[in-house]
Each structure stands twice: as C-alpha cells, then as structure tokens.
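Each chain is listed here by its residues.
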Amino acid sequence: MTETRTGSPLSAGTTTGVSRRTLLKGTAAAAGVAIGSGAITGFPTIWAQNIKNVTLRQFGTGVSNLNAVADKVKEDLGFTLQMTALDSDAVAQRAVTQPKSYDIADIEYWICKKVFPAGVMQPMDVSKIKNFDKIVPIFVNGKLTPESAVAQGTAPHTVGFVEGKDSIKFAKSATQWMTLIPTIYNADTLGIRPDLVGRPISSWKDLLDPAFKGKASILNIPSIGIMDAAMVCEAMGEVKYGDKGNMTKEEIDKTLKIMTDAKKAGQFRAFWKTFDESVNLMSSGEVIIQSMWSPAVAAVRAKGIPCVYQPLKEGYRAWGGGLGIAKHLSGLELEAAYEYINWYLSGWVGAYLNRQGYYSAVLDTAKEHMSPDEWAFWMEGQPAKTDILSPEGKVMEKAGAVRDGGSFQDRMGRVACWNAVMDEDRYMVRKWNEFIAA
Amino acid sequence: MTVSAAPSEASSASAAPRSGGVRRSVLRRVAPYLQAGPLALTLLVFLLIPILTIVAVSFWDYDSIRIYPDFVLTNYEELLTSPVTWKTYLNTVKFAALTWVITLLIGFTVAYFLAFHVQSTTWQMVLFLVCTIPFWTSNIIRMISWIPFLGRNGLLNSGLISAGLIDQPLEFLLFSDFAVVLAFVHLYALFMVVPIFNSMMRIDRALVEAARDGGASAAQVVWNVILPLAKPGIAIGSIFVVTLVMGDFITVRLMSGGQSASIGLMIANEISLLQYPAAAANAVVLLAVVLIMVVAMLRIVDIRKEL
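Residue numbers (the numbering used here), protein chains in the order written: chain A, 4 to 441; chain B, 33 to 339.
Just so you know, the hints here were simulated from the structure itself, not pulled from any lab data. In this text, a Cβ means the ideal position worked out from N, Cα and C, and glycines have one as well. Don't take every hint at face value.
As the list claims (entries may be wrong) - No farther apart than 27 Å at their CA atoms in a straight line, the calculated lysine-lysine pairs in the DSSO-like style are these:
#, chain 1, residue 1, chain 2, residue 2
1, A, K175, A, K276
2, B, K263, A, K257
3, A, K260, B, K119
4, A, K267, B, K119
5, A, K252, A, K267
6, B, K263, A, K276
7, A, K175, A, K208
8, A, K216, B, K263
Unchecked claim - Simulated restraints on C-beta separations:
#, chain 1, residue 1, chain 2, residue 2, range
9, A, D169, B, L79, 55 to 61 Å
10, B, L75, A, G307, 53 to 59 Å
11, A, G167, B, P101, 27 to 33 Å
12, B, S170, A, G307, 26 to 32 Å
13, B, I282, A, K397, 52 to 58 Å
14, B, K126, A, L392, 49 to 55 Å
15, A, S104, B, P101, 18 to 24 Å
16, A, Q85, B, R55, 31 to 37 Å
17, B, L84, A, K397, 51 to 57 Å
Bound-form chain A, shown alone (with noise of 0.2 Å):
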C-alpha cells in the first residue's frame, strides 16, 4: 500500500507532487483515508493504473455472490473481485472470526446487528456514496412511503447506521455513516405447487394445515424460520406478539410448541438449509408447501414445474442485504471498495438483481438499464408483453404472465415483519434447535 502511493506522485510528475502536497496541507486535521480520496477525485487516471492491481475479496451468501458481478467489475472498473458465497451462518460467523480474510462482506441486516458490534467492519461515509439519495427509503428511515407503518424485527434502517466513525453503537436515525450500503432485498412468502395443493392458498396458517401432511417444509435457519413460524402461529391465531421480531422467552416457547407438535404429527417432510435443497423438495413432489425464497421458485418453473410465489393475506417476511467494509481496509483498497459500491447502486447490477425477482436499492438507476416491458413486468406488475428473459438468457416467464404478488409497491408495502436478531437470541437458538431435534 505505502508502495502505491509514494509510487504515484513520483510517476505522475511535479504538477501532481505539489497539488498533492498542498491538498495534505489543507486537510491536515484529516486521517490518510481522506487524502487517499481527495487523489481519487482530482487524478483519477493515476488511480485507474494503480487500482488494476487491486483484488478484492467479498464474500456472503449465495443470492448475491454472482460471477457475473465479478466479470463486469473487471470490465468496468479494471479491478479483481474474488467472491465466496456460503449459508447465511457461515457468513455471521466467518465476518466475527475471521475478519482478515474478507474485504468486503455482503451480508443480510440481520447479520449485520450481530457482526458490526464486534468491530470487525468500518462503517461507509455516505458524503462518497454518489446515489446515497437515491437509495430506497426502506433502509434510511423505514418507510417505503411516507405513510406506511414500519414493520416488526430487525428493520434495515434500525441497524442501517452507526453514530460515527468509530462507533458500532447503532443509531436511532440516518447519520453520515451506514453500516451497510444495501444491494438487494425481497419480500419471502410461501412457495406452494398449484397443481398439487388442490385449493387457493391465501394464509400463512396453511402451512400447518393437516392436509398438507407429511408435505410441507419449513427452512432450518433459525433466526429466518422462527419468523416464518411466528407467521404462522399469529395467523392461526394461537400466539399474540408484541413484536414478532423480538420475542420474550414466552412468545418463543408457545411459537415452538405449536411448531413441535406439528412436526410429532409427520406435518414436515423435510426442514431445508440451503437454496437447492428447497428447489429439490418442491420439484420433486415430497413437498408441496413450504417457505422459499422468490429465485427458488423460479428454478422450480425453470424445469417446468408449476410453482407459485403465494401471496397471503398477512403479509411478507422481507429481508435485506448489503456491502459492508471489512476494517483493516485502508487507502488505495479502501477507494477501490467504494468505487465498487458506487458502480454497484449505478444501475447495472440493478437491473440485473430485478431480472433475477430481487429488488435493488437504488430504482432509478436500475430503470435504465431495463426496458420498459421488463420494468413492467418485474417492478410494476403488468403483464409481460413479451417473454421475460433471465439475465442469462433463458425464458423465465412467457408473454401475458403477471409476477406472483405484483409491483413492488404491492409486494414491499405488505412486509409484516423483517428477518430478525432478537435480545433473546441464545434462548431462541436453544428452542429452535430442541424443535429441529424433537
């Protein structure tokens, strides 16, 4: 790193040397960091040559992790983005335990309220987030409109910032300093097969309906399958919760009993853990109602198999991911990581999470690099007027078909609760884990 930029000014000639020099002296008070970044924005082409050495490691969950990322990035910005992608566990853990072994993490909020406590990570100064104001509301103050109703568990915007710099103490409103810059989210439902089910679906409870025994799954990632559960057991009307995002021990115990005796009379075929495990279950027929995520629904359909997105009368369980910086990330990197999570709110990526049944952060962006019967189509509802092509080509959905639960305003306004980190996680742990094993 030191050999970078003592490197630069050297090649770049005497000009460069003294505005560099008096840039220094007019921001003494500031840290390397900001010097690095006041290079970056008055001599872009010295950076540009320095920064095709960079290669940065990002790692998270599968949904994100796509090659394709990787390949534009190096087409676009000239540097090399390594991704891993691993189970949602695998990645709260490896954030805590291994933080010189990633750059940059891509990570859900829930994640987040367990890993930046442990200040592995440095939170992003939105002043260089170019489209920062563009972002959707959802992760800045709650509210996708003005007027909507902030939802239950751990909402973005609750652990979205922290209150400086150095802080990993959560803010209670937006600050110049966000933990994660959000990438991609979406609104979770049941996944069912139509021609199996044999009736309209329109509630969470029917997940526990006995004429789906020994046919229904729930997925066996705590903290996302207890809200699953806690849908479940609030629309059967058995348990009340005061936030279903942060239990007592007592909303536990009742969620988990409901759910134990349902599994001791043979109501779950299977609990799955990873993406493909869901689609097997579904597209094979041993499970023919079960939660899932929106891409696994479209593998499913992807083999000609009828799979449906249901929405329900309760609403979605959302979830959201985003960038985060991992904090040994210094100088030349640390500019390279932002150019990075500049590109990634541009629109490219955008457009390609919205192609895959995701939301992105930034709309607009992402509008412009879709046509308009795409936007149609994924964002707004309508029925395709032409067949809707994957990002990699295939047919997902043929001309005159409607998204499961329609626009965004229709499926992102409906979230009842989000993924969640709850104070009584260890209890929840423990009881989760006595239910799987029961």
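Please arrange chain B on chain A, whose structure you already have, making use of the hints.
Leaving out everything else, chain B in the frame of chain A:
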C-alpha cells in the same frame, strides 16, 4: 529393533575406546525416546493439544457472536439438563446399534463367504476388490444417490406402483430413520467386512477340519470355531462402525431431511451458530461416551491377541 541391534552394538562397543562406549550407552538409553519422538510429537500437536483446547473452551462463556475466556459450567449444565440432549443421545445410540447389528450380519456373511467358500486366492482378491468399488466415489455422492431412488416419486416407489404392489407411494422410505440407517449400512458395511475377513483368513483350516471330523455340523463350526476366532476382527469392525456413526452429522441431516437429530448434528448446529463453547462441551461429552463404548468393547474382546 533394539533386540536385534544389541549384539552388534555390544561387540563394536568393546572394540571401541572407552569414551566412545560411554557415549554409545547414553545413546542406547536415549534411542527409544528418539524413536518414539516423532509419533509422540505428532500425537501431541494433532491430538492432545486440540482436545485440551476443546476441553478448555467448553468452560468458556459466549453470546451470539463472541466467546469469552472464563470458567463457567453453564455449557455442561444446559447440555446435561436438557431433555433434548438425552433424546438425541438415545437417538444416536439407536442409529449406532441398528447400524452395528446390520453391518455385523452383512460383514460376517460376506467375510465368511470370501474366506471359506471362495477357494482360489485370486478370486478372493477379485471379489474383495469388488466390495471396495462403492468406495471409489465420495461418501456424499453415495448418500445423495439414495434420494432420487427412495423419494415419493422415486424409482423404487414408481416401480412398486407400476408393478401393482402398492397404490400409495411408501412415505417412510425417504427422510426417515429408515433412510438414515440404510445409508449408514451402505456407507460402513465395508468397515466390518475388511477386519472380519482379515481375522478369518488367519484361522487355521485344520481347526475347521478337526471340528468336522469330531462330528460338528456346519452351523456348529461357524458358531463354536469361526465366530470365537473372528472376534478380534468383529471388535475392530465394531469400533469403526460405532465411532463413525456416533460422530456422524451429514448422513443424518441429508437422509432424514433435517428431521432427525444426532449428536454430531447438534454440534454442527452449535458451531454454525457460533456457540463454540456449547459445541465444545458437547464434543467432550461425546468423546467420553464413545471412549466408554470402545473400552467396553475392548473388555469383551482382547484385540491385541490378533495384532
């Protein structure tokens, strides 16, 4: 080693000057330690230190993301007072017992066939290698290949339905204890076959002939001659199978569809949730239980007789 080296060393020592003899006798006293050194060091670094670390960590405290060096008994308390732990142990022991019985029956039969019915050594070796063929692919693949076979719309169910034997697919075939034990037997039967076959090959054929001459029936020969003499092989195979099943987590998870529990799975869950101290406590208890089981087996059969 030392015995065979002793005479030559003694003779050369008498010929050498006195000081050299002293050096040599020192060397002779140190030599066994040096010879044992590499193994001792390996065991220390790769076995003893990790286990001691696990034991130490099992007393630490933790929250959802970090662990704190401490000395608390809560990990053991939570583990041993939870009915789930007991149920899980019971379940794991059940898997181990079922797998043991079935692999023993298969292992003994296969080994008996190879050792006593196949007469030519070439054919013995060929058939023995045939037994190992499944082991040329990975564990996980062998396990997963059962899933499409046993599923609700799998090969077996479709076959049975089209043959008119059943009208409804058999649900118990997959994602059940049956599937778990089936996979275990498939995976570990060879660990039983090999040591039993090895033991049987060492049995003096004259003993079998003598028994026959004495008027013993074929069953009596197996029960009174071959079985007792194959005991060391059975014990070694049993140790393999029981310890493998007791420590397994992936077979149980995949074949039960995440619905059944085993101790290994419990530990894996705890590790994935960053609860290292709880996992360590669990591992220590599991280690103790498995050691007790192994010691019990060794008490019944003296395998050193064979080695």
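Consistency of the hints with the structure:
Our distance criterion of 27 Å between C-alpha atoms is broken by K175 of chain A and K276 of chain A, whose separation comes to about 33 Å. Distance check on the hinted pair: K263 of chain B and K257 of chain A sit about 52 Å apart at the alpha-carbon level, beyond 27 Å; violated. With a CA separation close to 17 Å, the supplied pair K260 of chain A and K119 of chain B stays within the 27 Å bound. Our distance criterion of 27 Å between C-alpha atoms is met by K267 of chain A and K119 of chain B, whose separation comes to about 14 Å.
This hinted pair checks out: K252 of chain A and K267 of chain A have alpha carbons roughly 22 Å apart, not beyond 27 Å. Only pairs whose Cα atoms come within 27 Å are accepted, and K263 of chain B paired with K276 of chain A is rejected, the gap being roughly 42 Å. Distance hint between K175 of chain A and K208 of chain A is unfulfilled; the C-alpha atoms sit about 34 Å from each other, more than 27 Å. For a cut-off of 27 Å, the pair hint linking K216 of chain A to K263 of chain B is broken: about 47 Å separates their Cα positions.
About 43 Å separates the C-beta atoms of D169 of chain A and L79 of chain B, a value inconsistent with the hinted range of 55 to 61 Å. A C-beta distance of roughly 56 Å is found between L75 of chain B and G307 of chain A, which places it inside the suggested range of 53 to 59 Å. Between G167 of chain A and P101 of chain B, the C-beta spacing of about 29 Å keeps the proposed range 27 to 33 Å intact. Hint check: S170 of chain B to G307 of chain A, Cβ distance near 30 Å, so the stated range 26 to 32 Å holds.
Range check, I282 of chain B to K397 of chain A: Cβ separation about 32 Å, and the 52 to 58 Å hint is violated. The supplied range of 49 to 55 Å is met by K126 of chain B and L392 of chain A, whose beta-carbon atoms lie about 51 Å from each other. Between S104 of chain A and P101 of chain B the beta carbons are some 23 Å apart, a value that agrees with the proposed interval 18 to 24 Å. Roughly 58 Å separates the CB atoms of Q85 of chain A and R55 of chain B, a value that falls outside the hinted 31 to 37 Å.
The hinted range of 51 to 57 Å is satisfied by L84 of chain B and K397 of chain A, whose Cβ atoms lie roughly 54 Å apart.
Checked against the numbered hints given earlier, this structure breaks hints 1, 2, 6, 7, 8, 9, 13, 16; the rest are met.
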